[in-house]
Each structure stands twice: as structure tokens, then as C-alpha cells.
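K.L.:
My request is simple: use the sequences and hints to build the entire structure.
Sequence order for the protein chains is X and H.
So the mapping is simple: our numbering equals the position in the first sequence, first residue as 1, plus 1.
So the mapping is simple: our numbering equals the position in the second sequence, first residue as 1, plus 1.
Just to be clear, a hint being listed does not mean it is correct.
Copies of one chain are not kept apart here, so a pair can be met inside one copy or by any two copies together.
Said to hold, decoys possible - Distance condition first, Cα-Cα at most 20 Å in a straight line; then the derived EDC-like pairs of lysine to aspartate or glutamate:
id	residue 1	residue 2
1	K127	E281
2	K278	E126
3	K127	E267
4	K278	E131
5	K127	D217
6	K127	D272
7	K278	E206
8	K108	E131
9	K108	E38
10	K278	E39
11	K127	E164
12	K278	E81
13	K278	D217
14	K255	E58
15	K108	D74
In case anyone wonders, no lab produced these hints; they're calculated from the structure.
For clarity, every value in this text was computed on a predicted model and none was experimentally measured.
2 protein chains.
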Amino acid sequence: MFDQITILAPGLLGASLGMAAKASQLARTVKVWARREEVREACLRMDWCDAGFAGLEASVEGSELAIVCAPVDIIPELVEQIRPHLGGGALITDVGSTKAAICRQCKDQAGLARFVGSHPMAGSEKSGLEHARADLFMDRPCIVTPLESTPEASLRRITAFWEGVGMRVHAVSPEEHDRIVAHISHLPHLVASLLARQLGGSPAEWAALAGNGLRDTTRIAAGSPAIWRSIFANNSAEVMHALTGLEEQLACCKSLIARQDWSAMEQFLADGQRFRKGLE
Amino acid sequence: MFDQITILAPGLLGASLGMAAKASQLARTVKVWARREEVREACLRMDWCDAGFAGLEASVEGSELAIVCAPVDIIPELVEQIRPHLGGGALITDVGSTKAAICRQCKDQAGLARFVGSHPMAGSEKSGLEHARADLFMDRPCIVTPLESTPEASLRRITAFWEGVGMRVHAVSPEEHDRIVAHISHLPHLVASLLARQLGGSPAEWAALAGNGLRDTTRIAAGSPAIWRSIFANNSAEVMHALTGLEEQLACCKSLIARQDWSAMEQFLADGQRFRKGLE
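P.N.:
Rendered as C-alpha cells:
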């Protein structure tokens, strides 16, 4: 499907994508760009990686697709730097967890490679190359965020790429994406962090008594603070709306307990149960 | 270790306990009491169950240990009803998620079987006999809650029973138990429910975009509303304290976002990460 692709700043997602692209025969040649030598060397030790570069220009030369896997706050500058070195028919995408700011900053420029934003929802609280796996994307959702100016053919090509590694692709506008993920991804992360931070202030011996409920509910709080800081900074208005909604739920729940209204409480819990069972 | 035990109101925990007790040779004979005929029949079809009864008196006759696996709000009345039919040297325990009210109501009475409260933390969002497994308790924590009047020998015997099915046993007072679990178990449950309820009000198509983060964070919200309603009713004061703490965390988080103080936000997330990584 692609003769050559470049993965920039490979971590868990980028390295898994390299593996998956080779395994699915989506790319004949996979090149990587990484600032750090040990990352380039780690990639080169893996089957899927054909070449590793410290220079951006050489890393994308001749590639038909470049996938920028850097933290959200540096994606736009990397896109700007590689654009002149890709052919006009080439495509650029990313794996960032926010889309509106990135897509606005990476607007298409005449004669240069097009950018179509992507958010493959296959992350984990684990990061780094060592956790990469070819099946990371299998059956997971991927949101692609075309602009009104994005040609149908470019959108189809990016969609086919993500479907090729096993994802279910949904296309929405970058702004709609940010609104949705504020609720389904960024809010759950904050909720896990709030809970974990609160328990961090408890006596240390309580941790030995933790059951699976606490483990599950706080699992994603183990994610990288630096990566998530940028995500929240990039989507702060929508995240605030989601947090305000949570605040209202919390006030409602406290009021039921204060009034000792246990049948309303059962209904409250049943509302949550209905949503959660619907996810299975 | 026990010649005969009785499991009352077997569901996920009770049936798993029957399996585990037989597998670990902790009990030669395991009898069950269940109000519903289909539950008795389901138990009798399983290897571990030697006899099933609809009458309380017959179910505990000759047993050295009775384990009451009913919802927290009906544990005290079941304990009161079986006490006259057990020998004076017999023990009664339970698997309830709250302890102060239950232990107060089940205070020892001269010449009757003693009650020592237990909370094996091995539940799941799945309930019912069909999910029972002999290894449910393996390496999980169990909190036992002796009163000041509980003889050392009774506490040792209950502790040995839970250790026999593979649990790590911790003894604290019933009040201290309720304070601890309000934070490490009841609060996570409410947090998962709040989040699930809020998302339940979102457009239905968002659910298809949910990643593992949302799934993990809300998993326990699938638990039985009726069971959890009783737990919250039984531990409402401590749960309110825990919710107030969460409210403060939420206010702090919103203020960091409102002030766009991203380095303080990174520190906030790092606090949660430190606690969560400490659970592994």
C-alpha cells in the first residue's frame, strides 16, 4: 500500500505501528526519526525498522506517509519542519490525543504534503518502545479529523491505513473530536488521578488492603504526567466543561447521601450500571 | 480444620468460598442455606456442596463455622436467627463490605456462638454463582474486625480460615475498617458510578469510541445497585468524608486548569502517578 513510510518519535504507539504496518504489509520500508541515539538503536534491533535517522530531512525523504508520534505540544513544529522534504503527494498524520489546535496549526499549504489528523485510541498507562506490540491497534477505535479542505482521496488513504492495522475508523471534525475525548478519555484520566492523589494522602498501610476495584479505577493515573499535562493544556476548555459535569454528579450524589435517600441512590447507581454494561 | 461449615446465601463469594474450602481441605462437609430453590440446586450440582437447606436451623446444625454471605442489611437478622442453633463453641462470620453496624448488632451473647466480622476483599463487578472460582481469594486482602471482647482464640481461628483459602489477613476494629474501606473501596465505586452516569448522558455513538481507560475506570460501576445501595447506607458518614475529600481534589484540579498552571498540573498528576505505581 505504501512503498515507504516514516515514523517520527517512536514510543509505544510509534513502534507498535511500525510492527503492525510491516506485519499487515501496509509498508515495504519503514524508516524512523528519533532525536535520541538509544531510541534509534532500539528500533534498528527490531525487525520492522529498516533505517533510523537523527536528521528530519533524511528520515522523510522519499516517504509517502509520515506519522508524527511526538507529544501533542511539539507535533505542529515537527510537521512544519518535515513538510518541505516530503513530496507534494505525500501525507502526514499524527497520533496526538488532541486535534483542534494541531489541525489548525498544520493547515494545508499549496504544493506541500497534506496533514490529516488522527487519534488512534490504543494508548496505555505503559509507555516506551519495550511495550510495543503488533496487535496494539486491533479492534480499537481510531478518530480521524479531516478539515473541510481535506480531499476525499487523502481521507480515504489515511482511513485505509488505520483500518489496515485493525482499527475501527470514525471521522469527525477536530473540534468535535476534542469535545468527545474530553469526556471519554481526558475526564476518565483526571478522575483516576484525583482518586489516586486523594488516596496518596492516606496512611501508607492502606495500600496493602486495596482490592481490584481501586486498581482498575486508578490504573490510567500511572500514565506520564508530562504527556498528560500537554493534553490538558491543549484541550483545557472542553476538559473544564467535562469537569463541571462531574462536579454536578458529585453534588447530586452527596445530596442523596445527606438526605439518606437510598432508593434514589439505587437509581443513581443503576444509571451508571446501564452505561457501563452498554460498553461490553 | 473444620469438620463441618455452613455457607448462608451463597453468591459469587459464598460459592467460591465453598470451592476454596474444599480444595484447601479446610472443611470436610460444606452445607448451604439458600432461600431460593434454584440456588440450592445449582450448589448441589457443584462438587463442593454436600447438602442444601431451605431452613436455617437444619442448615447450621452441627456446624463449627457459619459464614453469612448475604447483603449487609440482612446479615444481623440472619446471625440472630442462626445463633440459637449453633453450638456455644461455634463461630459465625460474614463477608459484608461494612463492619461497624454489623459487629455492633451481632455482639456476643453468653453461651451462644461468637461472631467475628470479616471482609474478604475479593468481590467483582460480576455476581452470582456462575462466576465462582476456587482461586477467587488467592493473594487478596481480608480484613477481620474483632471487638475488644473477642477472645484471641476465636480471632486466630477465623484468621486461619481466611489464610487457608489464600488471603492476606489484617485485623482492625470495625470502625477503623469502615473508615478505611470508605476511601479504598466505597469511594472508588462511587467515582466509577459518577463517571459512568455522566457519560450515560452523552450521545450514544460516543460509546463506540471508548478506549481501555474509560473501560477500566468505570468497570466497577457495573456492580449491583441494590448491593451497593446497602453498603453506602451502612457507611454513609465515612463515605461522605471521602466524597468531601474528592470534592477538594476536584476543586484544586479545576483551579489549576482555570489558571492554566501547567507545571502545577504536572505535579498534581505526578502525585497520583506515585500512589498508583506504589500499588503494583
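K.L.:
Decide, hint by hint, whether the structure agrees.
P.N.:
Hints versus structure:
1. K127 <-> E281: Result: close only across copies, 13 Å inter versus 23 Å intra.
2. K278 <-> E126: Answer is between; shortest inter-copy Cα gap is 10 Å, intra-copy 23 Å.
3. K127 <-> E267: between (36 Å within a copy, 17 Å between copies)
4. K278 <-> E131: between (33 Å within a copy, 18 Å between copies)
5. K127 <-> D217: Classified as both: same-chain Cα gap 14 Å, cross-chain 14 Å, threshold 20 Å.
6. K127 <-> D272: between (31 Å within a copy, 17 Å between copies)
7. K278 <-> E206: between (33 Å within a copy, 15 Å between copies)
8. K108 <-> E131: neither (34 Å within a copy, 55 Å between copies)
9. K108 <-> E38: Close neither inside one copy (31 Å) nor across copies (68 Å); limit 20 Å.
10. K278 <-> E39: Intra 44 Å, inter 25 Å, cutoff 20 Å: neither.
11. K127 <-> E164: Neither way: K127 and E164 sit 23 Å apart in one copy and 33 Å across, limit 20 Å.
12. K278 <-> E81: Answer is neither; intra-copy 44 Å and inter-copy 37 Å both fail.
13. K278 <-> D217: Classified as both: same-chain Cα gap 16 Å, cross-chain 13 Å, threshold 20 Å.
14. K255 <-> E58: neither (57 Å within a copy, 41 Å between copies)
15. K108 <-> D74: within (16 Å within a copy, 61 Å between copies)
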